[in-house]
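Q: Construct the complete structure from the given sequences, taking the supplied hints into account.
There are 2 protein chains.
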Amino acid sequence: MVFHMQKINIAQKFGLFSGYWSPKIVGEINDPYVKLVKLKGEFVWHSHEKEDELFLVVKGKLVIKLRDGDIELNEGDFFVVPKGVEHMPVADEEAHVLLLEPKTTLNTGNLRNERTVEAEWI
Amino acid sequence: MVFHMQKINIAQKFGLFSGYWSPKIVGEINDPYVKLVKLKGEFVWHSHEKEDELFLVVKGKLVIKLRDGDIELNEGDFFVVPKGVEHMPVADEEAHVLLLEPKTTLNTGNLRNERTVEAEWI
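As given, the protein sequences belong to chains A and B, one line each in that order. Position one of the first sequence corresponds to residue 64 (the numbering used here), numbered consecutively onward. Position one of the second sequence corresponds to residue 64 (the numbering used here), numbered consecutively onward.
Treat each hint with caution, since some may be false.
Treat identical chains as interchangeable: a pair holds within one or across any two.
[To be verified] No more than 27 Å apart at the CA atoms, straight line, and that leaves these computed lysine-lysine pairs for DSS-like:
no., residue 1, residue 2
1, 113, 70
2, 146, 70
3, 70, 122
4, 128, 103
5, 128, 70
6, 113, 166
7, 113, 146
8, 76, 122
9, 166, 124
10, 113, 101
11, 146, 101
None of these hints come from the bench; they were simulated from the model. From a predicted model like this one, the values you see are computed outputs, not experimental measurements.
A: Quick look at the structure:
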């Protein structure tokens, strides 16, 4: 465990990285990690067998495609994708998103492919 | 479990209640709850034996007093109070705060007193 007994400014942390679709860990609370990620374009359809995943839009707009409809999120909106539900995040323009999810969560869920990354602390 | 398969707008939810120091549940991700709370004035010194607690300032300013110093949080800052660490939140003016904490977390931690409230979904 990395112990961060300091305050975190979200905007400052977003300034530390530039790549898309590569979540960075900025906090933890018992099990879950707090992650920040920049999104642009389309991701891949996937689901997480055991983990719910919260998407909070900090900047920009994000669409979370579900098999039965789209969830459109603006700044200050969040949505929890329940475990087992297939989803694909899409951002036409760069979006800054805060994620909350159990430590075991892999960004591509039940798949391992070229979009899979291991999150690191920043 | 209350199942909320819908997006949540944080500002809209803050508009649904007015009392201070009474967290409302607006989401859950596996174990933890997402709660919103309005703070004004001083709370009480307490700690949570088993639960880390994240405070994210959505509006206003919040000081989290610790026994060895103060953490001053502005909008967009968050801080995780680790389990077992005594703390007292203080807000000179009304502050809107998002909390992340395990479901077992009681607002007054290891104490039950006149400030203790049970969080409810809104």
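Q: All hints, please: hold or fail.
A: Hints, one by one, checked against the model:
For a Cα distance limit of 27 Å, the shortest separation of residue 113 from residue 70 across copies, 21 Å, qualifies, whereas the shortest one inside one copy, 30 Å, does not. Taking the shortest Cα distances, residue 146 and residue 70 sit within 27 Å of each other only across copies (16 Å), while inside one copy they are farther apart (30 Å). When the C-alpha separation of residue 70 and residue 122 is checked against a cutoff of 27 Å, the pair qualifies both within a copy, at 20 Å, and between copies, at 16 Å. Only within a single protomer do residue 128 and residue 103 lie at most 27 Å apart by alpha-carbon distance; the minimum there is 14 Å, versus 39 Å between protomers.
In the homo-oligomer, the alpha carbons of residue 128 and residue 70 lie at most 27 Å apart only across protomers (13 Å), although the nearest pairing inside one protomer, at 33 Å, exceeds that limit. Taking the shortest alpha-carbon separations for residue 113 and residue 166, both the intra-copy value of 11 Å and the inter-copy value of 18 Å come in at or below 27 Å. In this assembly of identical chains, the alpha carbons of residue 113 and residue 146 lie at most 27 Å apart whether taken from the same copy (5 Å) or from different copies (25 Å). Taking identical chains as interchangeable, the C-alpha atoms of residue 76 and residue 122 lie at most 27 Å apart whether they share a chain (13 Å) or sit on different chains (19 Å).
Taking identical chains as interchangeable, the C-alpha atoms of residue 166 and residue 124 lie at most 27 Å apart only when both belong to the same chain, with a minimum of 25 Å there against 30 Å between chains. In this assembly of identical chains, the alpha carbons of residue 113 and residue 101 lie at most 27 Å apart only when taken from the same copy (24 Å versus 32 Å across copies). Taking the shortest alpha-carbon separations for residue 146 and residue 101, only the intra-copy value of 22 Å comes in at or below 27 Å, while the best inter-copy value is 30 Å.
Checked against the numbered hints above, the structure violates none of them.
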